[in-house]
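A.B. asks: One letter stands for each residue in the lines below.
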Amino acid sequence: MTMGATRPLRRWLGAAVLAASVAASAFGAHAQEGKTLRFAFQGTLNALDPYTLNETFSLGMFGNVFEGLTKRDKDLKIIPGLAESWETVDPLTWRFNLRKGVKFANGNDFTADDVIFSAERVRADGSDLRTRIPADSEWIKIDDHTVEVKLKSPNPILNYEWDTWYMMDKEWAEAEGAVNPISAKDTNPGPRAFKANGTGPFVIESHEPGVKTVFKKNPAWWGTVEHNLDQAIFTPISADGTRVAALLAGDVDLVDPVPVQDIPRVNGDPNTEAMVGPELRVIHLGYNQIRDELATSDVKGKNPFRDANVRKAIYQAIDIEAIKERVMRGLSTPVPLLIANEQFSMSGDFKRWPFDPEASKKLLADAGYPDGFSFTMDCPNDRYVNDESICQAAVSMLAKVNLKVTLNAQPKAQYFAKVLAPGGYDTDFYLLGWTPGSFDSWNVLTNLAGCRDATGKGGPFNLGGYCNKDVDALAAQILVESDIAKRDQLIKQAYTILTEETSHIPLHQQNLVWGKRKNIDIVQRPDNQILLYWAKVN
Amino acid sequence: MLAFAIRRLIQAVTVMLVVALISFVMFRFVGDPVNQLVGVDTSPEEREALRQALGLNDPMPAQLWRFIVNAAQFNFGISYQFKQPVSDLILSRLPATLELAFVSAFFALAIGIPLGIYTGLRRNSWVSRTILAVSLIGVSLPTFLIGILLIFIVSVNLGWLPSFGRGETVRIGSWTTGFLTKSGWMSLILPSITLGMFQMTLIMRLVRGEMLEVLRTDYIKFARARGLSARAINFGHALKNTLVPVITITGLQVGAIIAFSIITETVFQWPGMGLLFLQAVQNVDIPIMAAYLMLIAFLFVMINFIVDLLYVSVDPRIRIDGRA
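In the order they appear, the protein sequences are chains G and R.
Be aware that the first sequence starts at 761, since it is given in the numbering used here, and climbs by one per residue.
Be aware that the second sequence starts at 301, since it is given in the numbering used here, and climbs by one per residue.
Treat the hints with caution; some may be incorrect.
[Stated by the list, open to error] Per the computed footprint, the stretches of chain G lying under chain R, defined by three or more beta-carbons under 8 angstroms from a beta-carbon of chain R, are:
(1) 999-1006
(2) 1209-1220
[Claimed, not checked] Label-pair ranges, simulated between beta-carbon atoms:
(3) G:Ile-839 to R:Phe-374: 36 to 44 angstroms
(4) G:Lys-1060 to R:Pro-359: 32 to 40 angstroms
(5) R:Ser-474 to G:Pro-1096: 56 to 64 angstroms
(6) G:Asp-990 to R:Ala-349: 39 to 47 angstroms
(7) R:Trp-460 to G:Asn-1027: 18 to 26 angstroms
(8) G:Asn-1228 to R:Glu-345: 31 to 39 angstroms
(9) R:Gly-459 to G:Asn-1027: 33 to 41 angstroms
Think of the hints as simulated: they come from the structure by calculation, not from any bench.
Positions of the beta carbon are idealized from the N, C-alpha and C atoms, including for glycine.
I would like the entire structure built from these sequences, with the hints used as guidance.
C.D. replies: What follows is the structure in structure tokens.
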């Protein structure tokens, strides 16, 4: 009875396999046409509105399809993008000369109207990129290819983040009903969330969020083509083992990231290699200084972290070189500041406090804690490279100077819910990573070290609530100082205070690790954007 | 019969409500979805406005009630991450999961039943002993390990089959199928083996046990005495009688295959519902999580409901108990 039942099934299978081979040969012929780059990343690409989410990976992906007024080159220097050139007429007026002959993917011309439209749209309710341009700046069309920006206060870093503020087509947006940005709270954006019309070197041919996205070369692009791709296929692969296996098996050409423990495997395969470089993100530890009494400590009635000597003692108990060698397997760059070495011209003038457990014990004894004290450390376990291991290492290092630290490591979703503003900044000691979107110190000084209130106003990511009015005053000056040399001096002053007072413990820049097949050439910038327009398949 | 069905139906609805309640309680501990929705620079005020707009600040009973009322109309809201209606997302991922489940179940039956028969008939041969020993490994290794091992051996070292994904798919109406392309079939092999491995060993052991049982019964002895051929006895009489429990178990296991494909889909980056669910957990995408849990609960409740009804129609004793 069962034997009989399989017979028609087998016949049906035979027919299916036949159909499959016919279909496969058709697909095979199709794939022959041009060069394809297949790449995988751990996260997904969701809505295609470039103003919905201020996040590196998505913005990098959009950079293949859209363009900003400025761009950044392979060394992250600002270069002309859709603006051919610009000048500051006076400290409050900037003039941008737009590139001529640029067309959007739908054939529309790129003009000053599109810039004015994009400037309105990026500041509109629902945009996650509102900080890209000052809210009170005035945008004036001089002619079809000239735009003037009137500022209320001088801003030397006005265009620092414009490489990821992408120009959108006014007519297209009006036709698609996409005049307003799709906000995170938009309940039913409809199909407009999944269409993209940019001026960039690629167009998006198909997009299934969480499954697959196909980029096609834009034959009408205005720039000099440096890639040799006809298409690029993006697949999100969240499981580390699968991502690495897909690279080793030759099913993808490029993966980001490769876990540090898999680097030898990737380099050991004759067809693949790991690409390693510093990332801009700086990992740091922070102390709660805003509470009158720590929530998790056996010290009652006062907050030991308010004492700068206690903070320095903890700093000096942490062996950053051991973390680099053991935890990061050599793939980190210890830093003295809360900003990456590349991002501040005078970072070379600063040094980390030396690792010195004896000095640390002495500082603790002098501060009145000869037998140490206890507290809890909060740590994410799936956000940064080896984050939980870094925290475990720190806990055991602190134990050697008699500090009894309990580790509370959680997935990022729970961790951030606890330690950020919505959770009431509920942490005594924590680990956080930070990349200034503007590549500039002002962002760091305000976000990580600005005096904040209970809701986070003033320094939203200053979880520990460090506060020094002098640093705030310097930050306010830095914001409006347009003389670069003077400005750098002010920044240096601010960082000197932070270092002297041990406001935080800067740890290291983690390294980026991509894996690629050897026949692929691609540029790995420290900002971790995957830029197809510099990719070559040989 | 009708009273029994109605009583069962009421129980089924209760189970669904309890699942909704438990999942809602759990969502309070999965983290803050707002963090996954905005960039790091977004101000606390904007975050608060977002929480308000998403209804996350409403009291729990209000959120639960809203969810149940909408779910009863098959409206599961909009995914925070994907900005698409959850019902559309689940429908678009359903074909991948169902095709994988179907092929896995087929694999489990097509391999499990013959092996079960063989080991039942030749229970002392060394081949049988080897199969049983190996099957023990299959049943005790966790799914993700089997998956990763298969990927590394078959895809990475041998290079025979793709390591992830569904291959090329063909769209037929709203259904996407991998059955019509070569790469689609090639992509199905490893995940199906991984997912069906446990069921395969289960069915094999079940068939073997039933065969051993049946072969000891009187009517087989009589059949032997009548001088029937071994083939007729083994397949015509013995096997037929072992298949009733196998069919029951297979039916229940199909539910399990669909529900527990989460791990396999993650390991193979199989774009089905399980992967969607896991991504949702990582990103605190509560609408997707809620819909998926409800869907799986519904699946199990329905299977059990149908099985109960079948039992009643098959076995009159339950009917009498039910009336009492």
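A.B. asks: Hint by hint, note whether the structure agrees.
C.D. replies: Each hint tested on the structure:
1. 999-1006: Coverage by chain R holds for the region 999-1006 of chain G (5 residues, Cβ < 8 angstroms).
2. 1209-1220: holds (count 4)
3. G:Ile-839 to R:Phe-374: 36 to 44 angstroms: At 52 angstroms between Cβs, range violated.
4. G:Lys-1060 to R:Pro-359: 32 to 40 angstroms: 35 angstroms, holds
5. R:Ser-474 to G:Pro-1096: 56 to 64 angstroms: Holds: the Cβ-Cβ distance is about 58 angstroms, inside 56 to 64 angstroms.
6. G:Asp-990 to R:Ala-349: 39 to 47 angstroms: 44 angstroms, holds
7. R:Trp-460 to G:Asn-1027: 18 to 26 angstroms: 24 angstroms, holds
8. G:Asn-1228 to R:Glu-345: 31 to 39 angstroms: Once the Cβ atoms are compared, 24 angstroms apart, the range 31 to 39 angstroms for Glu-345 (chain R) and Asn-1228 (chain G) is violated.
9. R:Gly-459 to G:Asn-1027: 33 to 41 angstroms: Given range 33 to 41 angstroms: violated, Cβ gap about 19 angstroms.
Checked against the numbered hints above, the structure breaks hints 3, 8 and 9 and satisfies the rest.
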